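Chemist: Take a look at the letters that make up each chain.
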Amino acid sequence: MYEWKSHLAENGPLRVRRQPWVCLRLVSLLGLLLLSGCGNNSPAEGQTLTIFAAASLTEAFTELATTFEREAGRVDVQLNFAGSQQLAQQLAQGAPADLFASADKQQMEVAIAAGRIAAEAPRQFAGNRMVIVVPSGNPAAIESLADLARPGVKLVLAGETVPAGRYARQVLEQATADPAFGPAFRQETLANVVSHEQNVRAVLTKVALGEADAGMVYASDVAGQGVMVIEIPDAFNIRGSYLIAPVAGSAQRALARAFVNFTLSPQGQEILAGYGLQPVVEQ
Amino acid sequence: MFLPRRRPTTRSPAGWWILPSLPLALFILLPLAALVWRASPRMVLQHLQDPAVTQAIFLSLRTSVAATVLAALLGTPLAYLLARRHLPGWRLLETLLDLPLVLPPAVAGVALLMAFGRRGIAGIYLANAGLELTFTAVAVVLAQLFVASPFFLRAAMLGFSAVDEELAQAAALDGAGEWALFRHVILPLSRPALLGGAVLSWARALGEFGATIIFAGNLPGRTQTMPLAIYLGFELDLDVALTLSVILLGISFLVLVSVRSLPFEER
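Respectively, the protein sequence lines represent chains H and Y. Counted the way this note's numbering counts, the first sequence spans residues 293 to 575. Counted the way this note's numbering counts, the second sequence spans residues 226 to 492.
Don't read these hints as lab results, they were simulated from the structure. These figures come from a predicted structure and were not determined experimentally. Treat each hint with caution, since some may be false.
Among chain Y residues calculated to face chain H with C-beta under 7 Å, some are [unchecked claim]:
no., residue
1, Tyr305
2, Asn443
3, Leu461
4, Arg485
Glycine included, each C-beta is placed from N, C-alpha and C at the ideal position.
Based on the sequences and whatever the hints tell you, model everything.
Modeler: The following block contains the structure:
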């Protein structure tokens, strides 16, 4: 039982009376925090360009952004990497961004359908192709695309909406049309899938850790990851195209356009190529 | 977690406190209301026929119940030992066992992979014996057990240590052995705490996401629990995510109501 009388006797009345001031101080602290929050928008701070980019662009865009910051000066590029399908959904729900770099056309179209990107805005800036990765030591002895259908192989793919997952399924589809693989190839391979990961980098991690026997990722993903790469023949491979577009209504339109131009410039294309992405020739 | 409810001691009006209390209360209630508002009963009923939804619900129920039973079975002796015997280093052990409560679940997932993954420090032996856990429903249960068992441990320890030492001594004096003491004195007295801990750890297991997606992966029907289906359904079909969210909300609400109605004695 709480005895207020003995509390008063022990601590004196002053302490009790002081309580409202503590409260007031907290309120003024809150006010200060709010004020300082407003301060971030002052023009003296320089400009911030927020880019939503596909997970597979992580290293390439990090270098692209650093170089762009250095050359443009007083610009802070904020990068947000995730599966393109996740970024497209975030844009559709109103997430603030200035640029969207998608790993495929489908997810760019999701953002267009949501009204966040003008239909004619997207430009292709890089290409990619798929490869098979296996962990060091290759526990399931995967030698080629055909081996993925062998019973007992633990295969990890990106989810169906993830561009890399859609491309992987497209590769299986195209191989199934070839009599050498047989009509059941796609189904048998998909039956081996033990996990649908939420982006292509999660696929790579699961394989690099040795948890899965094989996975399908972009050719540009595999540099220095400690995995073995098995090529997919061109006849069955896809030509993935990365698209970039400014987000409609962004306050940083000029800066966004400058970044797109930089990405398409010889210097930008060279940086992308350095990470295994295929440069595009602009018409 | 188990604050005995204090009866109101004053009759002074609440008026002054209402205004500053509103922001947080509204902040918590508004998103919950929005969720229910957006998910019409018709939509929920319609999606309940979707096998992807029912698979996730049943998988979630099966795995979370298994994790809770394991937490209770394995947690009871551990909590008893920690609560009623005191050895040097106990405090440190208690703190370490509490870690999953505060760790981000993603850390739990990575830790489980390092331990029980195919190339993990224990997993490598399991894999050699032909037992691969990653990407299985067992991995889902282990992920849930890891993050949820501290809830049971904490509650059980509180319950066990609240039993009056004199009562235990009296029972021992009357000739009760170690097992009889536990079975007939301590267990009945700490039953509410054990039940409460089990319910809370079940709720935590049901909501587990981060450790599961990292350690168990995501495959509908095998490892895709409700929280995973909500996260991925958000990209595929918002209605599926909303349906599952409302169901989880309902279950969690019932859990909390049942915890609150457990007979906790005020001491």
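Chemist: Determine for every hint whether it applies to the structure shown.
Modeler: Hint check:
no. : hint   : result
1   : Tyr305 : violated (32 Å)
2   : Asn443 : holds (5 Å)
3   : Leu461 : holds (6 Å)
4   : Arg485 : violated (23 Å)
Of the numbered hints listed earlier, those contradicted by the structure are 1 and 4.
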